[in-house]
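Residues per chain, in single letters:
2 protein chains.
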Amino acid sequence: MESAESRTSQNGSVYHIGQGTRLNSIQTNGEARNRRETQAGSGSDDDAMLDIVMDGRDDQGLHEEIGNSQSNLTDTLDELPVGSGHYEDFHTIDWLRDIARDRMRHRHIVKKRQDGCFNKVKSAHDAWSGWVCVLFVGVAAGVCAGIIDIGTSWMSDLKEGICLEAFWLNREQCCWSGNATTFDEDGGCNQWYSWAKLFGVQSSEGGAYIVKYLLYIVWALIFGSIAALFVRVFAPYACGSGIPEIKTILSGFIIRGYLGKWTLLVKSVGMMLAVAAGLSLGKEGPFVHVACCCGNIFSYLFPKYGRNEAKKREILSAASAAGVSVAFGAPIGGVLFSLEEVSYYFPLKTLWRSFFCALMAAFVLRSINPFGNDHLVMFYIDYNEPWYIQELIPFIFLGLLGGLYGSFFIKFNIKWCKYRKTSSLGKYPIIEVLIVVFITALLSFPNDYTRMNGSELIRLLVQRCGPEDNTDLCDYKRNFTNPYPYTESVTIGDGVKRALWKLMLALLFKALITIFTFGIKVPCGLFIPSMTVGAIMGRMVGIGVEQLVVLYPNSPLFSNMCQSQQTCTVTPGIYAMVGAAAALGGVTRMTVSLVVIMFELTGGIQFIVPMMVAAMTSKWIGDALGREGIYDAHIGLNGYPYLDSKEEFTHTTIAADVMRPRCWRYGLEVRNDPPLSVLTQDSMTIDEIESILKSTEHNGFPVVVSPESQYLVGFVLRRDLNLAITNALKNQEGIVSNSLVVFINQSTPNLNGPQSLKLRKILDLAPITITDHTPMETVVEMFRKLGLRQTLVTHNGRLLGIITKKDVLRHVAHIQNQDPDNILFN
Amino acid sequence: MESAESRTSQNGSVYHIGQGTRLNSIQTNGEARNRRETQAGSGSDDDAMLDIVMDGRDDQGLHEEIGNSQSNLTDTLDELPVGSGHYEDFHTIDWLRDIARDRMRHRHIVKKRQDGCFNKVKSAHDAWSGWVCVLFVGVAAGVCAGIIDIGTSWMSDLKEGICLEAFWLNREQCCWSGNATTFDEDGGCNQWYSWAKLFGVQSSEGGAYIVKYLLYIVWALIFGSIAALFVRVFAPYACGSGIPEIKTILSGFIIRGYLGKWTLLVKSVGMMLAVAAGLSLGKEGPFVHVACCCGNIFSYLFPKYGRNEAKKREILSAASAAGVSVAFGAPIGGVLFSLEEVSYYFPLKTLWRSFFCALMAAFVLRSINPFGNDHLVMFYIDYNEPWYIQELIPFIFLGLLGGLYGSFFIKFNIKWCKYRKTSSLGKYPIIEVLIVVFITALLSFPNDYTRMNGSELIRLLVQRCGPEDNTDLCDYKRNFTNPYPYTESVTIGDGVKRALWKLMLALLFKALITIFTFGIKVPCGLFIPSMTVGAIMGRMVGIGVEQLVVLYPNSPLFSNMCQSQQTCTVTPGIYAMVGAAAALGGVTRMTVSLVVIMFELTGGIQFIVPMMVAAMTSKWIGDALGREGIYDAHIGLNGYPYLDSKEEFTHTTIAADVMRPRCWRYGLEVRNDPPLSVLTQDSMTIDEIESILKSTEHNGFPVVVSPESQYLVGFVLRRDLNLAITNALKNQEGIVSNSLVVFINQSTPNLNGPQSLKLRKILDLAPITITDHTPMETVVEMFRKLGLRQTLVTHNGRLLGIITKKDVLRHVAHIQNQDPDNILFN
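Chains as they are written, first to last, in full-length UniProt numbering: chain A, 1 to 826; chain B, 1 to 826.
This is chain A alone, in the form it adopts within the complex (with noise of 0.2 Å):
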């Protein structure tokens, strides 16, 4: 035990912050790449400190070091800037190095806890960060969802009307606070004052529809050229849904600003003015990329977290569970989707907090209560019909559907993404926005079902008819003398015919513009959309069933359906909401988290069954017909080096068919790569180091016993390595550029030259390596699990080459017959 304590002061090395930013957008990060693409060889790919633990029993004389590194190691985190990080933009993170100094961290506290009372305040506070950080987050992101969910109402209103009293009520609000009582056809009261009525044209003439369908669209073109704009201008990030990106970087990857405080404004003001321009995308997507923008933010308060981008990617895991818990009032799929979907390396470590923030965030945005109603759920049932076993069939259907739905929106959206990458038409993303927009506004205006907003529809799809509903969706023809005539099936009316004719159109439509809507250069979310195509076919198939149970209530089939008197009860709400829940799994392959989504989003608990029975055959149809769902196929679009961490590496090939370089002995193609660029213990001189590191790129180096043997003794970085040569030479007597380098302790002190310099310190004496028969499945589950940035291989115990998490990437994408080149890597 003593060992072990005393040494904890041991423990501290230099600290050097990477100050470098570089501002690259991702979406022209082809010259970033390219300008990296020529770094072959040794080389792990980064620059930033090191601080291994060093063991530093044998060498009595490094002690007073070590006290100076201790106090450095204060100083150093004392001073470091806000916002400045280890890692340049770009860059894949070293999962085990941030975890390891942030024990180190943690221990140096913990240390100093004893001297004095400010030290115990700052351990607790060490302690509390956590908590206290995910308490904002969570209170920062039912904040920004309320704004939002305000804002977007108001806008959408804006397009029909104003409010003259008060400009900034919505409709609602408005014909509240006038306490109007009678309201007219389009739902407006008194003080509501519709652009047609405004402008002193009577609804009841024929222009007025004109009018109307008129300003529609300029207010679609106005919302949608505000909100391209904006997202060109300000913050280039802000589009999309974020999710992909927020999955590439919580697997470790850097990309500055893509959750700064400007994306986040950009993406809140966007959203609403998307979804009130009325495109088909939904504003549920991109609550995860405000809420993980919260998320980063308040990290920054905490150095604990805002230092150490392994420690921050816990706050962001919280994060993205509070942004699904807000959008859809789902706290536990919330953090099922976070664990599921998004988060890769720590997920149980974080879900007691994650499910602490989801729920803050949640309780947060209820107390807000933005829609002003107190339903706890979005899509509230308020039925309790049973579903019957021989169901399951129309359901199993509904999931086929849904898988089918998903593999062809993928399929033809990365396609059209694809093109749009390579043609010019990514060139001009406002004139292709307000096209999208013109078009959707143009066709959906006409139809009921497309004209209100993608929620709205499917809250409608999933109700049953009640006695106050007298739509088109409920003219059945009903027998009123029965005492309960709205439990029962029955004949269809001619509205019901009409709604499906509709509901038909708003099918085709929703499913084809979506393919061109998720993808260009506003916020946009797919959630919606994906549930509003599978209720409409959800409820379709479900008034189908309904109808064929009516016209043969007395066959087998059905028998257990029809209680007495040929009452039959089939509720199309339920395969309304299957069918959304079906879509929404074939397009994003998500499973638990979709189906508790589901349940909570609803609140039915008892058709959780056909839910999962719908999610399961969607996501067997959807994986066969298409490997990926759609984040991945659009983290595989841009390039992000995205090690998947459900795919299974299935392959033989071998640690020696990856490293480079390949040249060594028996690989297939052989590549004439440079040979590794290596340095030795203890026979280098700073001239001879200086010139290896100014005729290569690589960011670290293997330290080997000597040329002649290769055996491995350490691994150094190349910045390390730089700034310790270079205050060596300014500072240190002796030292010139013919001295020896020294990486080990010597025994014998070089008695014949100049005076070598000792750069033990700067070591990592453990560098996880693996030999070179090592099956490559093993390795890719080591960068994984272990989080790896690079491996040295050897063999026997000589050095032959290095993996890096690049060549594993590539390695992947090769045998998945991808191009690897294509990979955005640093």
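Be aware that one or more of the hints could be misleading.
Unchecked claim - Taking CB as the label site, the calculated pair distances span:
no., chain 1, residue 1, chain 2, residue 2, range
1, A, Gln606, B, Val233, 40 to 46 Å
2, A, Lys111, B, Trp416, 35 to 41 Å
3, B, Asn554, A, Leu164, 39 to 45 Å
It should be emphasised that the hints constitute simulated quantities derived from the structure, not laboratory data.
By construction, the Cβ of each residue, glycine as well, lies at the ideal position given by its N, Cα and C atoms.
Following the hints, put chain B in place on chain A, whose structure we already have.
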């Protein structure tokens, strides 16, 4: 791509199957442990087959052998007797190797898919077997739970009386089947004879109570002794809750028979008996064990799972989710419980299947409907009263109480269990059970609240007082002129005061007797007793808060809780629910899964924030007072080799401190360990190797270049070596006892000696290695995340020592000031 594919066929290797089984009881494992204690020095702890991918490209002569071993592979897979495993009892498994084995098997099946229809079917069967298996497990778990529920209720009623016309019916069914309309004061009816009635004692007589009391005790003793005898004679593993053992098994340990059919049977029957005996225990925890038994049994139907311990654990994870799902009717909570509490190595991959399994189990149980009511949830909450923000203060207080109770319980239960282990008490388990049963029956009968079943008491406590409740607990001085007399809080009457005293006694009794109950040799769960204690505390605090508000309705603190006319609303039932969550949280230290289970258990989505607050407080308080939950404490008590994946290893030791042999260099506690037993790659004779095999007990040996230059070449398992040498001496011509054993591809054959034995095939060329300076936190992380059994320690490529999982566990125990010799490890 070609190279990757063509190499598929080269990955076959020789399979050997371990058939040895040792049937040590865990309770009496001392000898087994001591027998193996002497194993020091190097050694992998297992002797199973080797199947690491071997690269044979540079050895053209190996191709025939590879063809052979390929067919061997198939044969071996087909000929494996069901039930035989590759590991011996009380051994730890090597995840990395098992997973690699499964991938190889999978590749083999995929490759053979082209050859004929039968192989296509086989491939499809293989792909579906996971789903089919969890479906079976889910259904089986649901059926088992249904049978146990029905049996328990029948036996519990048997204590009080019998249905004369149909003895197999419980009271409710009996009265129901007889269409009873009149009920006597015990809830009996015409067909139902209480024992007193049967023996002619009128219930109005004074002696009736005594008779009932005596009969209650006698029945309890009968049930208790049968349960204890069953466990003692047929399946000693059936005692306790089983969750600590299942955690250990899922972390990769082999305990043969723990999940067998006898354990399943005895546990099921024993649970009914133990609950019917009136002991302070629940059947909810053991459901997890029962479901895991089902999982284990069904996994043998599918060779993919039954013959691969790592894959089998995927099924067991799903089964444990199903167990919680049927215990509480909480499928989502079950999945989260499995994820958070019991699973270890592969949470995400099995999430979806676990959910499916849990849902199927819940669905089947609901279809069986053992309680005869249609409630989906166990403690259904029929009210929708709001809670107020200031009520969070008593909720936090309840969390505090729960945390304190949890720590108190864990501390004294562990002390008592230790006393049992060390004293002569442990030798008479049946006597102990009878004593506990007697004391429980004696003390619990006089108090209504302790006489009733734990879950009935909880149901009573979480409900609010409705119009039909005329129990003591609902004796309020209500003003029935008020239109809603039951929703407002009023002064308590004498009945509530009486009930409070009884509850206080029940609380004390339950809190104390559970300490002595949990650990006796009958199946016993902890969920319901903990929740009972918490619910009693909660209800009492709730009534206290209610009366405080009634007393001071005008206080600003309560003003928003009281509407006009001083009608205040405080619902003590909510407090009972929150208290139950807090106490369960304090005992088990569950977090998200606890809140979700409580939410599913009560159906009260609006109370999720209070429950979370209480669970959080309870966990923090509990963690501050004692590091471990009850399950982890019992794992420690029994010395299971469990490497906790949630605990962070925060010490600064390095690999060189932990590896064996330790005599190598500067260790502070140099032990005179025997030197590392190593083989050389081409300079040892069969004789020399055989003498090493004889003189050591290690299960594996590192292979180095030569005795002088100990550069690591690979790792070979004892069993492979033994078999290969025996086979060669018997069957291969020219091999004599002074033949050289060659592990590599010799370029120059040995001409002047006897023919050398080529053993390249059995050499694992890709052992996981680390350097001696690797911090132990990284090593522990690697053991956890990669599921290693051992790793080799090198310095500059030279082999220094070995670290096995045993060493890591000893080291962790040593650092945590536990007795390292206590750990049960082959």
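To test your reading of the hints: which numbers does this structure violate? As far as the earlier hints go, not one is violated by this structure.
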